[in-house]
Amino acid sequence: MSTEKGPNFLEEVVSEDVKNGKHGGRVLTRFPPEPNGYLHIGHSKSICLNFGLAKQFGGKTNLRFDDTNPETEETEYVESIKEDIKWLGFTWANEFYASDYFDKLYEFAVTLIKKQLAYVDDSTAEQIAASKGTPTEPGKDSPFRNRNVEENLDLFERMRKGEFKDGEKVLRAKVDMASPNMYLRDPLMYRIKHVAHHRTKDKWCIYPMYDFAHGQSDSIEEITHSICTLEFEVHRPLYEWFIEKLGIFPSHQYEFARLNLNYTVMSKRKLLQLVNEKHVSGWDDPRMPTICGLRRRGYTPESIRDFCDVIGVARRENIIDVELLEHCVRKDLNKISNRVMVVMDPVKVIIDNYPEGKTEMLPAENNPETGENGGTREIPFSKEIFIERGDFMEVPVKKYFRLGPGLMVRLKHAYILKCESFKKDEKGNITEIHCTYFPESKSGSDTSGISVKGTIHWVSAAQAVSVEVRLYDRLFKVENPQAEEGDFKSYLNEKSLEIITTALAEPCLKNAKPLDKFQFIRKGYFCVDKDSTSGEIIFNRTVALKDGWSKEQQKKSIS
RNA sequence: UGACCCAUGGUGUAAUUGGCAACACGACUGAUUUUGGUUCAGUAGAGUCUAGGUUCGAGCCCUAGUGGGUCAACCA
1 MSTEKGPNFL EEVVSEDVKN GKHGGRVLTR FPPEPNGYLH IGHSKSICLN
51 FGLAKQFGGK TNLRFDDTNP ETEETEYVES IKEDIKWLGF TWANEFYASD
101 YFDKLYEFAV TLIKKQLAYV DDSTAEQIAA SKGTPTEPGK DSPFRNRNVE
151 ENLDLFERMR KGEFKDGEKV LRAKVDMASP NMYLRDPLMY RIKHVAHHRT
201 KDKWCIYPMY DFAHGQSDSI EEITHSICTL EFEVHRPLYE WFIEKLGIFP
251 SHQYEFARLN LNYTVMSKRK LLQLVNEKHV SGWDDPRMPT ICGLRRRGYT
301 PESIRDFCDV IGVARRENII DVELLEHCVR KDLNKISNRV MVVMDPVKVI
351 IDNYPEGKTE MLPAENNPET GENGGTREIP FSKEIFIERG DFMEVPVKKY
401 FRLGPGLMVR LKHAYILKCE SFKKDEKGNI TEIHCTYFPE SKSGSDTSGI
451 SVKGTIHWVS AAQAVSVEVR LYDRLFKVEN PQAEEGDFKS YLNEKSLEII
501 TTALAEPCLK NAKPLDKFQF IRKGYFCVDK DSTSGEIIFN RTVALKDGWS
551 KEQQKKSIS
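Residue numbers (this note's numbering): 1 to 559.
If you're looking for bench data, these hints aren't it; they were derived computationally from the structure. The C-beta atom is built at its ideal place from N, Cα and C for all residues, glycine as well. Each statement offered as a hint is correct.
Listed next, with one range per pair, are the computed distances between beta-carbon atoms: (1) Lys278 - Glu440: 54 to 62 Å; (2) Phe9 - Glu394: 58 to 66 Å; (3) Glu440 - Pro514: 37 to 45 Å; (4) Thr72 - Lys453: 58 to 66 Å; (5) Gly374 - Val452: 19 to 27 Å; (6) Met393 - Ser448: 17 to 25 Å; (7) Ile499 - Val397: 28 to 36 Å; (8) Leu515 - Lys270: 21 to 29 Å; (9) Glu485 - Lys104: 41 to 49 Å; (10) Ser281 - Arg316: 34 to 42 Å; (11) Glu79 - Ser281: 15 to 23 Å.
Calculated pairs, PhoX-like style, for lysine-lysine (alpha carbon to alpha carbon, straight line, at most 20 Å): (12) Lys278 - Lys495; (13) Lys398 - Lys556; (14) Lys551 - Lys453; (15) Lys55 - Lys22; (16) Lys278 - Lys489; (17) Lys398 - Lys555.
When you get a sec, could you build the whole thing from the sequences and use the hints?
See below:
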């Protein structure tokens, strides 16, 4: 998958380390999600990076749940995260949990207390915040900063035993209250939370903070390259401080710029809001940038991996155009999906010179990209068919290669048709189009000598299957919702979902199963939704086909 | 008024680590096509945020400025 591009900065670091025999040339990365939400496309960048880097250099990757905050974490999320990573095509070496290390972490804390590098603070959250100072002013030492080792040990022990209420005491590292780095101003290591944990249940009532869990977990697992996003850069000095003071395995942290996509939001908090407030149907709503949402929408793991590869990695803020993501799915789907015909907005066509009651089966190639290997199927053709309303124009514009009075088009896989007349209702809607066909123009054995510019899709009226089609558009109306004034939800695109109930499909689609993918000829790529029943099949539009003609028309109407 | 990070076509990443800027997406031409899709051929578009400096030579190094980002949760 790698292009002629040079290595990214992470590949440079790792290859340099391997070359120099650092850690014996061993590479071990980790993907460390917190099980408090579903994974999204941004995480897939991190997943591809962590697993990809390890694989590239002969190493392995651990999956480690960063579960140090029992209030927000749930097993439901653990399961969904594992499912999504597997679906993306990655296999972890070990499944670990930060909570696996709670005993070890406790020991580490005791070690630090004994070294007079940690102390129990009785201050309230407000007092601690107030004495922390600001980025431009130094903080003040806590009055409890110089408690002796014995007292600290005793107090910490009693914190663990549950002798204190939530918030009554915390354990802090004794670093430097005047540091320009706020994270070094005696950061909290442990807080009291009388809350059951999704795995350790009620064994603990004190839980380590991120900074006293993540780096230590990395170290315990002997992670060689701990890759995270840029906002953790300021944590790195603390990450290193703990490792140094504890004298444990020296994992190293590297930061990269997270993925941002336009016309969507990527923060778990905001996505959760969309779910809770029912702006979307759930985490897997096909409009969501979540992995399960993209999966339901019809994205393939290959396309997402390709996307993550093509966007590159750097340390600069970026907003990627969703069109690039769409390009990646089209590229993959074009290769693998069978072509079928579905008419979304049908209008009836009667072929006057076609025998009444006759039905002939016409062979249709499944996928021109795979040619003969893709196989063929048969589709019924008869006197009455439906075509797309948009494929007929009463007064055709110039260069309109479809149907109109006196115009000819080819029916895909079938015959050439000539429009003879049409009927309208009182409101001016076309109700019926009358055509004649050329018997000798049959697809594959055309001896008519007629050449037409356009080919349109169609379905035979008698055998057509009614299906529901859901068309999705971008979730937000603006490129960067979170950068706009006010509530990001006020920029939601109210037209992000259009449900079509009039669509008619060719008969073979009757047997389609959820997640089956197709290209609806001339329309786009579609995927069977899980809401489908035996009575009605529902299709999600993954992405539309590029449409140069309508784009041109739009430009003309603007100018 | 602080510390740290970042700055290359519209977007995103490259540039043999100092040798006159490339790739992908997008845009535009044209060819092919029983999908106005795909494919193919080609074109335009940045002189690398600004100002100095070092050097025979700077997108790469130095200084200052400008712009953007991050940091004051008992979240991760």
